[in-house]
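Using my numbering, read the sequence shown as starting at 166 and increasing by one per residue.
Since the hints were made in silico from the structure, they are not lab data. Given the structure is predicted, the values throughout are model-derived calculations rather than measurements. Glycine included, each C-beta is placed from N, C-alpha and C at the ideal position. Hints may be right or wrong, so weigh each one.
So the derived label-pair ranges between C-beta atoms look like this [unchecked claim]:
hint, residue 1, residue 2, range
1, A416, F315, 31 to 39 angstroms
2, I524, T661, 31 to 39 angstroms
3, L478, S192, 41 to 49 angstroms
4, T535, E678, 41 to 49 angstroms
5, N620, A570, 23 to 31 angstroms
6, D389, R343, 43 to 51 angstroms
7, P569, R180, 39 to 47 angstroms
8, D413, D364, 19 to 27 angstroms
9, D413, N373, 13 to 21 angstroms
10, A418, E582, 57 to 65 angstroms
Restricting the straight-line Cα-Cα distance to at most 25 angstroms, the calculated cross-link-like pairs of lysine-lysine (BS3-like) are [said to hold, decoys possible]:
hint, residue 1, residue 2
11, K526, K539
12, K387, K646
13, K526, K646
14, K646, K328
15, K680, K461
16, K342, K461
17, K680, K419
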Amino acid sequence: MAEALWRDISSRLTRIGLFPVKGVQASLMAHKDPNGLLDRAQQFGYTGVLTVELFDELQHRADVDGSKEGNGVGGDDGEAPTVAASSMLIPVLDSTAAGEAGEEATGRVIAPISLPEPSQADRPHGLAHFSLDGFPMLATDVDTELDIHFEITGKSTTEGKMKDFLACYNDRLERIKRIIVQTGRLPNRVISVNQLIRDRARFSSSSNSATVIGLVNNVRHKGDNLYFNIEDETGDFFCLLSPARDSDGAAVAKRRNRVVTGGLMNDDVVGVTGYVSPQRSDMFIVEDIHLPPLEKQRKRTAPADQAVSVAFLSDLHLGSNTFLHAQWEKLAKWFHEDPLAKTIKYLVLSGDVVDGVGIYKNQQRELEITDVYKQYEGVARLIEGLPDWIDTMILPGNHDAVRPAEPQPALDPRIQEYYNSTTFVGNPCDFSLHGVRVLSYHGVSIMDFVSTMRNITFSQPEKAMAEMLERRHLAPSWGGKTPLSPEPEDHMVIETIPDIFVTGHVHGHYCGEHKGVTL
166 MAEALWRDIS SRLTRIGLFP VKGVQASLMA HKDPNGLLDR AQQFGYTGVL
216 TVELFDELQH RADVDGSKEG NGVGGDDGEA PTVAASSMLI PVLDSTAAGE
266 AGEEATGRVI APISLPEPSQ ADRPHGLAHF SLDGFPMLAT DVDTELDIHF
316 EITGKSTTEG KMKDFLACYN DRLERIKRII VQTGRLPNRV ISVNQLIRDR
366 ARFSSSSNSA TVIGLVNNVR HKGDNLYFNI EDETGDFFCL LSPARDSDGA
416 AVAKRRNRVV TGGLMNDDVV GVTGYVSPQR SDMFIVEDIH LPPLEKQRKR
466 TAPADQAVSV AFLSDLHLGS NTFLHAQWEK LAKWFHEDPL AKTIKYLVLS
516 GDVVDGVGIY KNQQRELEIT DVYKQYEGVA RLIEGLPDWI DTMILPGNHD
566 AVRPAEPQPA LDPRIQEYYN STTFVGNPCD FSLHGVRVLS YHGVSIMDFV
616 STMRNITFSQ PEKAMAEMLE RRHLAPSWGG KTPLSPEPED HMVIETIPDI
666 FVTGHVHGHY CGEHKGVTL
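Please work from the sequences and hints to get the whole structure.
Here you go:
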């Protein structure tokens with residue numbers, strides 16, 4: 166009987182646009198007249214998330230209103246009150262109808278009291294309609310299974326000294342170099358830059374090539390050619406990469422042309438095979454270039470009896486005067502009503518859940534909530550309005566109240582206290598859901614990829630994500646738009662290729678595949 170009662174109440178709540186938090190359900194079911202109370206809520210114009218505070222306010226207003234009617238105040242047998250408390254005034258939506266009823270309007274509408282319904286968005290990138298047959302499990306039927314492999318919270322040890330910078334870059338070089346070498350595809354044994362300099366006369370002909378692996382710097386295009394320096398712990402050497410020649414094999418030509426056309430990022434780790442120019446002993450002619458290999462991945466899947474879904478969202482920017490209130494309410498309604506939403510066990514918010522304070526000059530002019538703690542409290546209320554079968558995870562972004570340098574730790578414990586059951590992790594975070602490997606990163610470095618590489622634009626940020634995977638690094642360049650923390654171990658290296666790679670930051674949307682990885 167209780168279940169049937171809640172179904173009726175829940176259906177009524179949805180019709181009038183109210184979404185109760187967890188604590189309100191029991192209060193509604195215990196109320197002597199829940200339908201009458203919801204009539205009052207509709208009459209008073211309540212919509213959106215129904216928090217415990219708003220529910221208490223609704224009960225109080227309903228009791229006050231009911232006592233007035235019981236005493237004949239404002240009814241047919243009594244006189245209308247001459248003055249009404251401002252908090253009790255309800256806008257008259259149809260003053261003509263009020264006049265026909267012989268009642269005097271107590272106010273007039275100068276703007277809509279509710280936001281317009283968001284228009285239906287086009288399906289992006291031609292994604293196909295889904296079938297519920299592909300989503301067999303309800304989220305309520307499956308226990309949470311979250312394994313966090315790495316995030317930086319509590320593990321940052323850098324002092325920001327030169328030794329930390331050296332350790333970070335040496336660690337990056339060694340780990341990505343190992344990935345390149347382990348493929349067994351290099352034409353020669355790898356030598357150091359110092360050995361190349363010492364034996365340059367030996368390697369001054371294409372018939373006797375050398376292979377070096379190092380960090381890239383001073384990247385620049387000139388005409389059709391790409392110039393850069395390659396550096397390891399022993400020294401650096403100037404390199405020239407030209408477009409592929411007719412004599413190059415298909416694989417070599419593809420690698421050369423891809424890099425010459427798109428470019429390289431400063432501090433990339435690459436391998437180069439070639440020879441020292443006979444005309445310039447300080448120039449290395451690159452005949453082949455080696456990035457860390459990325460083969461097509463065989464995607465891991467959850468067991469058949471745990472086949473639930475995960476939803477990804479980022480950049481809510483609550484607190485900004487451009488926060489999408491109506492769209493959030495529509496999303497919350499979708500979570501409560503749509504059959505597909507019943508399969509969603511996890512919601513991952515990949516950074517910038519709030520707009521923050523003092524992030525950029527004169528930001529306060531664009532804020533509707535100027536206290537950062539109240540912004541986070543507001544996000545907590547939004548999450549409380551979602552169904553209780555959803556487990557939420559929050560990563561920070563560049564607008565959040567943590568250090569800007571990546572990797573970023575999780576939000577402060579004082580902020581976490583606003584939330585009931587949310588999981589807080591750092592940025593980036595490598596984790597698994599039911600055995601499916603997920604890499605979530607806010608994505609500030611997308612701006613560096615766009616500003617550096619010729620083939621990447623803000624309209625297609627997924628190409629930057631693909632390049633991160635190809636390089637095995639989330640944010641290779643120091644000194645660009647992405648502040649980095651020089652940890653003794655470079656935690657931005659991608660050693661294990663994920664099944665799902667998700668970012669945010671650029672306020673776009675895309676879903677597709679790159680070599681078996683869902684982006």
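Right, here's what the structure says about each hint:
Remark: the range hint 31 to 39 angstroms for A416 to F315 is upheld by a beta-carbon distance near 33 angstroms. Evaluation of the 31 to 39 angstroms hint for I524 and T661 yields a pass: the beta carbon distance comes to about 32 angstroms. Look at L478 against S192: about 29 angstroms separates their beta carbons, and that is not inside 41 to 49 angstroms. A C-beta distance of roughly 42 angstroms is found between T535 and E678, which places it inside the suggested range of 41 to 49 angstroms.
Distance hint for N620 and A570: a CB-CB separation of about 28 angstroms, consistent with the stated range 23 to 31 angstroms. Against the hinted window of 43 to 51 angstroms, the Cβ-Cβ separation of D389 and R343 comes to about 33 angstroms, which falls outside the hint. Distance hint check: the CB atoms of P569 and R180 are about 45 angstroms apart, consistent with the given range 39 to 47 angstroms. Between D413 and D364 the C-beta distance comes to about 25 angstroms, which sits within the given range of 19 to 27 angstroms.
Roughly 18 angstroms separates the CB atoms of D413 and N373, a value that falls within the hinted 13 to 21 angstroms. A beta carbon spacing of about 58 angstroms between A418 and E582 agrees with the range 57 to 65 angstroms that was offered as a hint. Distance hint between K526 and K539 is fulfilled; the C-alpha atoms sit about 21 angstroms from each other, no more than 25 angstroms. Proximity of K387 to K646 is assessed by CA-CA distance (about 24 angstroms); at most 25 angstroms being required, the pair is judged to hold.
Between K526 and K646 the alpha-carbon distance is near 17 angstroms, which keeps this suggested pair within the 25 angstroms criterion. With a CA separation close to 23 angstroms, the supplied pair K646 and K328 stays within the 25 angstroms bound. With a CA separation close to 4 angstroms, the supplied pair K680 and K461 stays within the 25 angstroms bound. Between K342 and K461 the alpha-carbon distance is near 20 angstroms, which keeps this suggested pair within the 25 angstroms criterion.
Restraint check for K680 and K419: satisfied, since their Cα atoms lie roughly 16 angstroms apart, inside the 25 angstroms limit.
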